[in-house]
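Novice: This is what each chain is made of:
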Amino acid sequence: MVWVNAVIQGILVGGLYALLATGLSLSFGVMRLVNLAHGDLGMLAAYLSLAIVSVAGIGPLESLVVVVPVMMVIGYLLQRSLLNFTLRGEVLPPLLVTFGLAVIIQSGLLTVFSADSQGLNAGAIETASLGINDQIAIGWLSLLTLAVAVTILVALQLLLSRTGLGRALRAASDDGEAARIVGINNRHIYGVAMAIALGTVAIGGVFLGIRTTFGPADGPARLIFAFESVIIGGLGSLWGTLLGGIILGVSQSIGGQISPAYQVLAGHLVFLAILLLRPTGLFSRPGAREA
Amino acid sequence: MTAPGAPVAPHFRVQRATRTSRTTVVLGVALLAGLATLPAWGESSTMRLLIQFFALLAMAQMWNLLAGYGALVSIGQQAFVGIGAYGLFVFTDLAGLPVLVAIACLAAATVVIAAVTSLFAFRLRGGYFAVGTWVIAEVFRIIVTNVHELGAGTGVTVQSLVRMPAADRLALTYWLALGVGFGSILLVTLVMRSRLGLGLAAIRDSEVAASGLGVNVQLTKRIVYVIASVGCAIAGAVVYVQLLRIQPTAAFSVDWTVKMIFIVVIGGLGRIEGPIVGAIIFTFMRETLADCCPAFPSAYLVALGLLMIVIVVLAPRGLWGLLTSRWPISLVAIRRRLVSRERRS
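Protein sequences, first through last, are from chains A and B.
Residue numbering for the first sequence follows the numbering used here, starting at 244 and increasing by one per position.
Residue numbering for the second sequence follows the numbering used here, starting at 14 and increasing by one per position.
Do not rely on the hints blindly, as some may be mistaken.
Label pairs and their computed distance ranges (CB to CB) [stated by the list, open to error]:
# : chain 1 : residue 1 : chain 2 : residue 2 : range
1 : A       : Leu-325   : B       : Ser-343   : 28 to 36 Å
2 : B       : Arg-330   : A       : Val-245   : 51 to 59 Å
3 : B       : Ala-117   : A       : Ser-360   : 42 to 50 Å
Just so you know, these hints were derived from the structure itself, not from any lab.
Because the structure is a prediction, the values reported are computed rather than measured.
Backbone N, C-alpha and C define an ideal beta-carbon position, used for all residues, glycine too.
Turn these sequences into a full structure, and let the hints guide you.
Specialist: Shown next as structure tokens:
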């Protein structure tokens, strides 16, 4: 029964990983941009929420009303003012610039908020759970996280498939040059994609902050988990990212059940095994271009 | 008269050495000889600074070989710094070998480890290779953290070197650092002058064209990855001959790679002179900014991060590239030039 519990908890954590990974998947899908500052931007959102909670006296979930739009604006401006200038078709510039950003954000958070661990307090929902039997209990917060992740993925899917903006995003993704010829403003579209990416990672960052304590140096670990979710699921597939997050969550949960020391290692090993056996990921879109 | 059909001697030859490059060699040897005498008359603080400088220079040269020449952006080179550190412990303390032999042994072991690692890392390309190598470095860190013989999470101290007199150990570390610093420059020069380097240059210009001309792209990149990893392991071992205390979080810290990247990109990616310029700027900024604002210890990282972003966007060839675009000089003889043969009567 402990193993069933481990699997259930792993699936629920997978929702959080998917939230943190969706933006990475989207910015890669649309702009071929691997954003190495993605995890640190998620932590920035968590700290932003922390600041709002302590100033305005509202709960972290309510603070999302402010945090998400702020992060979206940051994303749009970042893309238009900086990242667009690195997308010249070479491999190195976007990696180096986002890596530099990551270091700056980490150092900035460390200076402003110190190295102490922080936590976001969401009140009763953090501990409330749905008891299935005496060994399995499903936390409402975890369930909410997974539900939010699924909702966001459904919304993104609808946005991409049903709206004019979605068509423009897909066109810019498939062939940026051709999209420009038919009158799509790529620079603006890339800005919108980065805004959506940072909006989703902001939600992920705040849910992470409610779930566990966090510090200014946690960004890289979040980036790595997000990255593993994307690769396990397969490049270019949003639903693959959700399943990738769940597989990573379950692997870590089962590894942690064997021994707490193996929790993170188990996730890494499953990731490396998939890399070796099926390098395109489990659910990759046929014809998805590689990085 | 040559017989019809016999190969005609071409009227040109490939030349690499220039007057500047010959001067560089002479001055470089003189500088090395001068620096080697430092333990006899220099301050120990100067020697410590130079040990860090040359170790970082060597690591940066290796990262430049990977990214600047091989287009392989790795954020996982700290894996090999850590392997070098723990290799030093294993071969000196556990195996009882002298330092130099231990370093040779850990270099040989790293060849195998890097080759196996490449099986995973080379499944990924571009940005995904970057994060993939990072995951692999994390795996090494976690494994070491769980091995009791390697001190697990608390780490180990290299006991056999603790017993050495402090002045002797400082001089030894200094000479080793001098060796890896100058050695890394020599190594990259030799690689780039070799057939392997020619293949790398071709791959950098166009992977498709290079493979069309018979360059084995994957093998070439793998060899470069192994060379750069072994170089990092040796430099890492030298750093820990000085530090002695090895902890998994510090030895496998991504900060090592952050420094390598800053040094290479600011100095000049894809040029041997780049990491030298970058290492000087990095050391200067760290030393000055650490003194000026003690309340903000990571100020130099923020400053270097900003400088790197500006350089990538506005001057992708780095500071050395800016300099040479105005005054075209090349201190190291790598570029092949065709020179017409002087006719002999």
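Novice: Give a verdict on every hint.
Specialist: Here is what the structure says about each hint:
Look at A/Leu-325 against B/Ser-343: about 32 Å separates their beta carbons, and that is inside 28 to 36 Å. For the pair B/Arg-330 and A/Val-245, the beta carbons lie near 58 Å from each other, so the given range of 51 to 59 Å is met. For the pair B/Ala-117 and A/Ser-360, the supplied restraint of 42 to 50 Å holds, since their beta-carbon distance comes to about 43 Å.
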